[in-house]
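Residue numbers (the numbering used here), protein chains in the order written: chain A, 1 to 263; chain B, 1 to 286; chain C, 1 to 351.
Any given hint could be a false lead.
Selected chain A positions facing chain B (in silico; Cβ < 8 Å) [claimed, not checked]:
1. Gln49
2. Glu52
3. Leu80
4. Ile81
5. Gly82
6. Val99
7. Met100
8. Gly133
9. Val137
10. Ile234
Footprint (simulated), chain C over chain A, 3 or more residues, beta carbon under 8 Å [as the list claims (entries may be wrong)]:
11. 180-194
12. 243-249
A short list of chain B residues far from chain A (calculated; beta carbon distances all over 12 Å) [as the list claims (entries may be wrong)]:
13. Arg36
14. Asp55
15. Leu75
16. Val119
17. Gln147
18. Ala150
Keep in mind that the hints were calculated from the coordinates and are not lab data.
All figures in this text were calculated on a predicted structure; none of them were measured in a lab.
Beta carbons: idealized from backbone N, C-alpha and C, even for Gly.
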Amino acid sequence: MTSKFRGWPTRVVVTLLYLFLLAPILMVLVISFDAQSTMSFPPRGFTFQWYERLAQNAEFIHGFQVSAVVGVGVALLALLIGVPVAIALTRHEFRFREVMSGFFLSPLMVPAIVLGLALLLVLAPLKITGTYGGLIVAHLAITVPYVVRTTSMSLMTMNRSCEEAARTLGASPWRTFTRVTLPLIAPGVLAGGVIAFLISFDEAVISLFVVGPQATTLPVEIFHYVESRTDPQIAALSVVLIAISVLFMVIIERAAGLKKVLR
Amino acid sequence: MSAKTRSARLTVLGLTVPGLLGLAVSFVLPLAWLLRMSFNRGDSTGYIEETFTLDSYAQFVGDSYYWDMAWETTLLGLGVTVLTIVVSYPIALFLVRTESRFKGILVALAVAPLLTSSVVRTYGWLVLLGNQGVVNQALMGAGLVDQPLALINNRIGVYIALVEIMMPYMILCLLAGFGRFNQELEHAAQSLGANRWRTFWRIVWPLSMPGVLTGALLVFVLTISSFVTPRLVGGGKVFYLATEIYDQATATLNWPFAAAIAFILLALFAVVIVIYQRALRRIEAQ
Amino acid sequence: MSFLQLDDIVKKYPGAERPSVADFTLGIDQGEFVSLLGPSGCGKTTTLRMIAGLVEATSGRIHLDGKELTRTPVHQRGMGLVFQNYALFPHLNVARNVAFGLEMRRTSKAEAKRRVEEALDLVRLGHLSGRRIKQLSGGQQQRVALARALVIEPAVLLLDEPLSNLDAKLRDTMREEIRSIQRKLGITTVFVTHDQDEALAVSDRIVVMSEGVIEQVGTPEQIYEHPANRFVANFIGRANLFDAQITHTAGGVAELDVAGLGQMRAVDDQGAKGPATVLVRPHRMQVSKAAADDAHGTVETVVYVGDSIEYGVRVGDNTVSVQSVAGAAERLERGTTVRLSWQTEDALVLT
């Protein structure tokens, strides 16, 4: 009864806050079609030229390729080492399990700027900054925790007696894993891989330290571009990136349910 | 029996060794190296003397310029945290209470910005807050100001952009914390005669405290370590610990000093986390 | 040595105060249907899982057909286990679920196909072989689980509370079906349940367990008619237990002084002396109207359940249950003062 009377001030406040929250994204969306080339508002005409220019920008295209290759590499490597860890943490009892579980989440507690510098100090003497291998190593620490987490969650929620049933039916531990466990945790594993890819693809700060002329990732290219210029080409690029993120999130949602992954 | 435990141990070892090696190379070793580096002696020519000295730390502690920078960083963390709570709380409370059929979409919209790289969102703020941006155009159009306000290349812009960038994290934490919030409880308090204001401060706010605390910790930690936004919106004219680490490492090439600042930042982190755990324990004790 | 022989099996989990299963010794003959019966936490499922190999015994030995398999890994034991939650593989269809064990044994495709069909026909699911697991009802899932366990021709069929997730009516049908399949195949079966009716209905022998220990082993009749102790008497069927003092024993019959009832007689197998407990099932009790000064107690509750009337009779501090098949005409009202009695052969002295 009272809710109708007190409804509209709440609504106004919440709408304004949503506007604030979404303002930069909306802004980017609008000016990516803006006909003028300086950052200003309101837009003066509609154009696709920024998207066309984007398609010809060699640096961005190369950056995109580097980020994509590194992202896929990081995702695969993170899965390769993260999935077994998740199995150990959820399926085996051992003395330092709690410690190890904390250890595999700890990279998320270190600021990217600190980790970036630390990686620079190690990778630079080895002369692998600015290489695909160096970038993949640099992104490994911040992606493995997510793979461990999503995979552990799938392992904990799956029906354990399916594994036991397979064993009683004559499957060796390895065959039980490949024939029963893996198919059942596939959504969590896939989600972990996609998240690892997205994080690597979006990562800017660590990459700033370890990129080089041969291999510079897209976020770093964008960073340097924005540092010097601010024409709407970046907006167009941003819209493309947002579209890609949304696409991936839809994949995760379909595969595992976004809620499970977020918390 | 012992053969069995041995094989079980081998299995655990086999499963975890690749992961341990991976993190050793990409995480532990670099941090250890960083710590070692902070005890070397460096200068602005990029020369590094292998030694064992506290010079870099002394340089930081002995210079009021760096004290100011550490203070500004802490202030940024606190300010952004408080402001983020203020602007996120109404959205979170609304999302918990609403029975709208668009609830799912509204929740998705509130956290969707997380899907966008902070470089992109920072760029959006540059466009919004620039001299010819929406905000200044609107203010001048309304005749409130004659000259565009300086909203970028200074601390004001950094605060505004960071608050927006941190909002989705805070909303997520608040929503998770509201898990034990029960609207029945609120109605009960009101039916007992508490007015809305009192209901909020006596019932809703205390119940949401764990979520607020978790969100505050996360936002504080992310803010004081953020680099892209202070750098781009600050236009290289405002300095925080994170931007200084980058400058020392890439421009001045004084790696030992950059390493020392990095560990001072980590120490700040540790202090905040200890305070958070104290506060959490106190709340849970109540 | 029996076909399946368990000797002094102990399972103690690290950190637990008492063992989950203690000194469990039991021999099961080929083709026998044995139930492990007891309340939850009595160790029955742990025992079953030790037979299957899913839980490792702390000590003791398990022999199957003369061969020791205490340390044989699960996948080499060849036991067929049906889980309480069925544990069907959700990513495989019905036929692939049933075929799983044959695939692991590298059975040829043609033979596997034939045997899967046979097994599904046995549980009357031949027409659903292509279905996904999610599309099946609980009862159908149960049958698939049974077919999957049977198709590998296991030495022993292990059933872990397979009926507890079904509704009451289906449970009775499935119970009969499992028993008839078991008889048809002549397969040695160990059945875990907490439901005494289920155990009584299907078993050749019942093992009553409590707190990790065997309380009694026997046929359903032995368990029901001659429970070994108070626990078994109370757990199987409904029971009135009276405290009594044995005054005289002769020829397997004891004369007793029963609290609240006075001099009574009961069967006594053991020739016990002194204090004892007397068991009388409610439907073996007789109740009759009596004058107040001659009565044992007062009718406190009267429940009409169709075939019979159930009385609760207050005797001192206790309530005695009486199930009377007498017609409604002779029905006793609440508050009636009554005498209680029984035939000597219907009462049993427990130690």
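The hints, checked one at a time:
no. : hint    : result
1   : Gln49   : violated (17 Å)
2   : Glu52   : violated (20 Å)
3   : Leu80   : holds (7 Å)
4   : Ile81   : holds (4 Å)
5   : Gly82   : holds (6 Å)
6   : Val99   : violated (11 Å)
7   : Met100  : holds (7 Å)
8   : Gly133  : violated (11 Å)
9   : Val137  : holds (5 Å)
10  : Ile234  : holds (5 Å)
11  : 180-194 : holds (count 3)
12  : 243-249 : violated (count 0)
13  : Arg36   : violated (9 Å)
14  : Asp55   : holds (17 Å)
15  : Leu75   : holds (17 Å)
16  : Val119  : violated (5 Å)
17  : Gln147  : holds (16 Å)
18  : Ala150  : holds (15 Å)
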